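Trainee: Sequence:
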Amino acid sequence: MTAEPVLAVSGSNLTGDVPFSCALSIGGRIVETASPAGERGDLATLVAAVCAREGLRSADVRRVRIDVGPGSYTGLRVAITFVRSLLHFGGVVVEAIDSLAMLADTAPLQLSGARRIRPVLDARRERLHSAAFRRTAGGVLAVDELPRAVPVAEIVASTKAGDLFVVPANLPVDLQRALSPAGVETAIARGVTAARLFSPGLAFERCTAAQLEPRYLMASYAE
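Residue numbers in the sequence shown follow our numbering, run continuously in steps of one, and reach 431 at the last position.
Hints are computed from structural coordinates only; laboratory data are not their basis. As the structure is a prediction and not an experimental result, all values here were calculated from the model. There could be a bad hint or two in this list.
Claimed, not checked - Simulated DEER-style distance windows between Cβ atoms:
(1) Glu-212 with Thr-282: 28 to 38 Å
(2) Arg-270 with Ala-365: 45 to 55 Å
(3) Gly-346 with Gly-299: 25 to 35 Å
(4) Thr-282 with Gly-370: 30 to 40 Å
What the hints assert, rightly or not - Here are the simulated SDA-like pairs of lysine to any residue, each with C-alpha atoms no more than 25 Å apart in a straight line:
(5) Lys-368 with Arg-332
(6) Lys-368 with Val-358
(7) Lys-368 with Val-351
(8) Lys-368 with Ala-386
(9) Lys-368 with Pro-355
(10) Lys-368 with Ile-396
(11) Lys-368 with Arg-356
(12) Lys-368 with Ala-395
(13) Lys-368 with Gly-298
(14) Lys-368 with Ser-388
(15) Lys-368 with Gly-409
(16) Lys-368 with Phe-406
(17) Lys-368 with Asp-352
(18) Lys-368 with Val-392
(19) Lys-368 with Arg-414
(20) Lys-368 with Ala-322
(21) Lys-368 with Pro-380
(22) Lys-368 with Ala-417
(23) Lys-368 with Thr-344
(24) Lys-368 with Gln-384
(25) Lys-368 with Glu-353
(26) Lys-368 with Asp-330
For glycine and all other residues, C-beta sits at the position ideal for the given N, C-alpha and C.
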C-alpha cells in the first residue's frame with residue numbers, strides 16, 4: 209500500500225457476492241463498500257460514498273485499480289466505462305489485471321506454495337475459463353498458462369500432479385465435481401471483492417483507455 213489514496217473498483221462479481229464493490233487504500237488502511245445485499249447498486253455512488261467517508265473527493269484519487277474480467281457482463285461494462293471516464297476527464301493512472309489472477313490470489317499460501325494454481329470460472333456452453341499461475345519467491349503470481357475458455361474435459365485432461373484448482377463458491381456443483389480427479393486439491397473462493405485488488409500477490413499493468421477492454425465470460429478473446 210502507498211501513502212497516496214488509491215481506489216479499486218470491481219464489477220466482475222467473481223464469487224456472486226456483490227454486483228459492484230470499491231475499496232480505498234489510504235493512510236495504511238483499506239476501507240471498502242459494496243452494493244447492498246440483493247441490489248445492484250450504483251458504482252459511482254459507492255465510490256463517492258467511500259471517498260466522502262475518508263474526507264476525500266473523487267477528484268483527489270489519482271490512481272485506480274480494476275479487474276477487467278472474465279466476469280459479469282453488465283458489471284464489467286459498467287465498471288470499465290466508469291474507469292474510462294476517470295481516465296478521460298480526470299487524467300488518473302489506471303492499473304488493470306485479469307480477474308482470474310484475482311481469483312487465484314485467494315488460494316492460501318500454505319496450500320499454493322510452489323504449486324501450479326488454476327483458477328476457473330463458468331464460461332457457459334459446457335466450457336470453463338481457466339488460466340495457470342505460480343507464485344514467485346516473492347509471493348507474486350506469475351502467469352504459467354494464459355487465460356482461455358475450453359471444454360471441461362480438456363481442463364481435466366491437462367491436469368498435472370499437484371495442481372491446485374481455485375473454484376468460486378457459486379460454480380455449479382456438477383462442474384466442481386468434474387474438476388475433482390484423484391489427487392487434485394480444490395480451494396473454494398468466497399467474498400472476492402475490490403479489496404482483493406490491494407493484495408501484494410498481484411502484478412498489475414498500467415493501461416490507457418484504448419487498452420482497457422472488458423473480457424466477457426462468453427467473449428472470443430479466450431477462444
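Trainee: Determine which of the earlier numbered hints do not hold for this structure and return their numbers in increasing order.
Mentor: 13, 16, 19, 22
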